[in-house]
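J.: Given next are the chains, with one letter for each unit.
2 protein chains.
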Amino acid sequence: MRKFLQTSFAAMIFSIVGFGTMAAQGNVAEEIKAANQKLSDCVAAQDADACIALYTADGMFMAPNANPYQGPMGIRDGLQAMWDSGAGAVNLTTDEVEVFGETAHEVGRFVLNGKDGSHMDHGKYIVIWKHEGGSWKLHRDIFNSNMAPR
Amino acid sequence: MRKFLQTSFAAMIFSIVGFGTMAAQGNVAEEIKAANQKLSDCVAAQDADACIALYTADGMFMAPNANPYQGPMGIRDGLQAMWDSGAGAVNLTTDEVEVFGETAHEVGRFVLNGKDGSHMDHGKYIVIWKHEGGSWKLHRDIFNSNMAPR
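Quick mapping for you: the protein sequence lines, in order, are chains A and B. In this text, residue positions in the first sequence follow the numbering used here: the first is 1, and each later residue adds one. In this text, residue positions in the second sequence follow the numbering used here: the first is 1001, and each later residue adds one.
Keep in mind that a hint or two might mislead.
Computed footprint of chain A on chain B, listed as stretches where at least three residues anywhere in the stretch have a Cβ under 8 Å from a Cβ of chain A [said to hold, decoys possible]:
no.	stretch
1	1041-1055
2	1077-1090
3	1124-1131
4	1135-1145
Think of the hints as simulated: they come from the structure by calculation, not from any bench. Because the structure is a prediction, the values reported are computed rather than measured. Where a beta carbon is used, it is the ideal one built from N, C-alpha and C, also for glycine.
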């Protein structure tokens, strides 16, 4: 009986962890897609505060052709540089998400359009997400272009 | 007694998992640094086969200004494009590693030198690593420059 109880207990732990992990993967992917939509919205609105709030407290925006922009002040500079370059809207497409507890990573593609709606750039990205303060936030965000240098 | 046994059993599982995780983080970081040194070596030697062997079977080399290079044939093309551009050696510095079982991610910095030893580029990267076939391999590898466009 003692052995049976131990085995059942172990099986129970495994079941809860296993089921929880599977369910979490799907839910987190949806939460990440929703956060990406918020990022697209605040980029289009040129609302730096709303964008910064989507990053962790020590989040890093790792844009091409610049040193990494880190933390709220840094990310504000990075966003401003993007807007100053003429960027008006970004569309994000999630290709892969893997979730590990409070951390997840995402591989995806972006399309960047100018303020007049013209195509500016398109490429690929990796984001490391952290579950912080009750929501999934961008922690490390790197991307580059698929286009030839202009 | 039954309750005590269950509690002890749970504590034992927690201890093994907890200790294993801590030890694994350090070991994996060292294994990843060793794999990065192998990558530097094969880039310097222009040995495509040795470099390709460091990537997973469906690994993705996500270089700037090109579509993602995926799988052995794709990665070969990406490496050749890098060598054709004059690249001779790359130095990699690991800043952050987090390990989740058979997956890890790394954030780091690179310096790229030409075949004549001159500085070509420097920047930042994220690599998603997978433990595949007994060793840690690059699975998703993205980077971009910190330098202004030339």
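J.: List in ascending order the numbers of the hints, as given earlier, that are violated by the structure.
T.: 1 and 2
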